[in-house]
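J.: Below are the chains, spelled out letter by letter.
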Amino acid sequence: MLDIVGLTASIGDKAILNGIDLSVPAGEIHAIMGPNGSGKSTLGYVLAGREDYTVTGGSVRFENQDMLAMTPEARAAAGLFLAFQAPIELPGVNNANFMRTALNAIRRAHGESELDAVQFLKLARAEMKRLSMDAEMLRRNVNVGFSGGEKKRNEVLQMAILRPRFAVLDETDSGLDIDALKIVADGVNSLRGPGFSALVITHHQRLLDHLVPNRVHVLAGGRILRSGGPELAKELEKNGYGAMLAEAA
Amino acid sequence: MPADNETLDTVRSVTQSGYKWGFETDIEMDVAPKGLSPDTIRLISERKEEPSWMLDWRLKAYAAWLQMEEPNWARVDHPRIDYQDIHYYAAPKKKAGPKSLDEVDPELLKMYEKLGIPLKERAILAGVEGADQEQPRQIAVDAVFDSVSVATTFQETLLKAGVIFCPISEALRKYPDLMRQYIGSVVPVGDNFFAALNSAVFTDGSFVFIPKGVRCPMELSTYFRINTRGTGQFERTLIIAEAGAHVSYLEGCTAPQRDENQLHAAVVELVAMDDATIKYSTVQNWYPGDANGLGGIYNFVTKRGACLGDRSKISWTQVETGSAITWKYPSCVLHGVDSVGEFYSVAVTNNHQQADTGTKMIHIGKGSRSTIISKGISAGHSNNTYRGLVKVLPSASGARNFTQCDSLLIGEDCGAHTVPYIESRNRSAKIEHEATTSKINEDQLFYCRQRGLNEEDAVNLIVNGFCKEVLKELPMEFAVEAQKLLAVSLEGSVG
Ligand SMILES: Nc1ncnc2c1ncn2[C@@H]1O[C@H](COP(=O)(O)OP(=O)(O)OP(=O)(O)O)[C@@H](O)[C@H]1O
Ligand SMILES: [Mg+2]
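In order, the protein sequence lines correspond to chains F and R.
Those letters in the first sequence? Residues 0 to 248, per numbering that gives the first Met the number 0, in order.
Those letters in the second sequence? Residues 0 to 494, per numbering that gives the first Met the number 0, in order.
If we strip away everything but chain F, and leave its shape as in the complex, we get:
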């Protein structure tokens, strides 16, 4: 579904991604782990089309489309969703209105009819119930005054409502209590199926207990250092990155 070949990217003069090769077949969930500052979030941003980063080489194909040639909104319409490591606040913008606008933008791009406020609220309430979230969240302004955990849950809610084909979750599990962790996992698991894939960036094995990945990749210094099955995450949890980095050097 997603094929990344030799991807390099920089910000200003600083190279951050130094040749990423990664394929995520349809229906699979891959985890990305790696030390702070290794380029994990950058990879997410570059996939989503953030313009501050310059792609200096390589390619990204998403279901046969050249994703690097698309605008961020076109990528979203094609089914890409990025759950931000630090979700952005939109003062004065009502959360329900924001999500409905986003959903309708994507529906329009697919030639589908738009949902009116009533239809949307019905859908949103159902999703929130499924994710055991408080409907109050719809009435607040997007992420404004949300606690760290609430912001992450709000990302999961958006994902559940937009139903992407490919989700990048950037440390969505960080700062979550145990119940919330389950919510995130449920959110991803509920989308799981042959037409959905995800890249889950995390520092913790515990999310991967709920959300067993097909593959685990270790990103360090802007490169994939090692890939393996779910057991790789367990090994890292025990030994840390030190030995692996030393070995690579």
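In short, the hints are calculated from the structure, not lab data.
Be aware that a few hints might be false.
As the list claims (entries may be wrong) - Here are some chain R residues pointing at chain F (derived, C-beta under 8 Å): (1) Ile439; (2) Gln443; (3) Arg448; (4) Arg450; (5) Gly451.
Idealized CB from N, CA, C, for every residue including glycine.
Position chain R with the ligands against the provided structure of chain F, taking the given hints into account.
T.: For chain R with the ligands alone, kept in the frame of chain F given last:
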């Protein structure tokens, strides 16, 4: 929460780019020759069949104006205005009242249609007999076309409640005592250059009187339209709310798209007695000129409210998206004990527009309070200035003011300026001022685009959020219109 969910639908439905109210209406007009002189003033007064004291009042204003200089302290810049090159009177030629819509000048109907006024309202505005006897609607409308008020709806329904809502020229004939008592009582003839000019040549506008204890049963609104080439529009509005009365009034304005600059110099006076409340909302959308700064309305307006009574309240809400130049400071003079003044403003400038706008809150009464929330949005090559004065006189013990001025910049070539003056002569007064200037935030834009919004919709969403505190003060019916306008005004400002 007004119209929140409709916002983006409407934003999207505005597919036309540029100024969509820029049509001209070809109606037979009665136009005075260009130029300003005592004769012009006599002609206006005569056409309006005014009492003689009014003519004297106008001539006094004219004499004061002759002694005055055009103000130059605002951060706006324009070529000299030739006051002899303006028509000071233009009115659609009157025929006998039409019997049905078929008999109404089709051009007039077309204009109403383009302004987005619903059909039934159009029939009423066009003066079709009996049209307003049908089921009551929520909004009474006065339409001012160049120099005259062409129609006022629901006058009879309102009169039953004791409310007077009529063209100011009609009020001069029907309610001379009220007019004589109040006109110029808040904005004296010699108050400032443009107010003096207006006092000399004003042609029409609305008059509202809400008697003691009456809550006006519907929203009142006025549409102002400049139509004839080479004319200025000088309207005057006077609203009086007696003790315990309550009224909400809205004005909207548009003008044809022309390569000339046209002058609009209005005066609005509000008077609120004990426990009275006046809510005055403006959605200003005069033609702003083209992308290169050619044409557009010069909007030089004096608006002031006097909170004469104890616990009286005057609230100004404005959404300013139009005009080449806006020079406007709706103010409150807070005489009454515990009286309240409010100013909520959104001013958007794009391309080469210039806005210098803000408010004055003059605290005289004990315990008087004021709130100022100003949101300035600049894009293109425009300049947007907030200019405000909070003045506390020695008598105003315990006065309080809160001011918040936020500026949002879109692009690199625009300017935002905040000029707050604070003068406090009472130690017990508490004055707070907060100001922020920010650029439209890349993180926010990217977040929205990642969720599927295109750049323009993302900007609109963020801008609407930025203005939310002000937009929520607008009457529900107009919040949607205002949000649409914001979107149209900012078209082409990104990307
Ligand atoms: N806008 C930027 N300007 C300068 N440097 C940046 C910018 N964005 C990222 N970097 C640098 O790029 C490197 C990779 O950052 P990135 O956020 O991708 O790391 P990460 O793997 O997500 O780390 P963490 O685990 O802490 O979230 C870091 O050294 C970071 O400082
Ligand atoms: Mg990161």
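J.: Confirm or reject each hint.
T.: Okay, the hints, checked on the actual structure:
At a threshold of 8 Å, the smallest CB-CB gap from Ile439(R) to chain F is about 12 Å, leaving the interface hint violated. Taking 8 Å as the C-beta cut-off, the interface hint given for Gln443(R) holds, the closest approach to chain F being about 6 Å. The restraint placing Arg448(R) at the interface with chain F holds, with a minimum CB-CB distance near 4 Å, inside the 8 Å limit. Because the closest C-beta pair between Arg450(R) and chain F is about 4 Å apart, less than 8 Å, the hint holds.
Taken as an interface hint, Gly451(R) checks out: its beta carbon lies about 4 Å from the nearest beta carbon of chain F, inside 8 Å.
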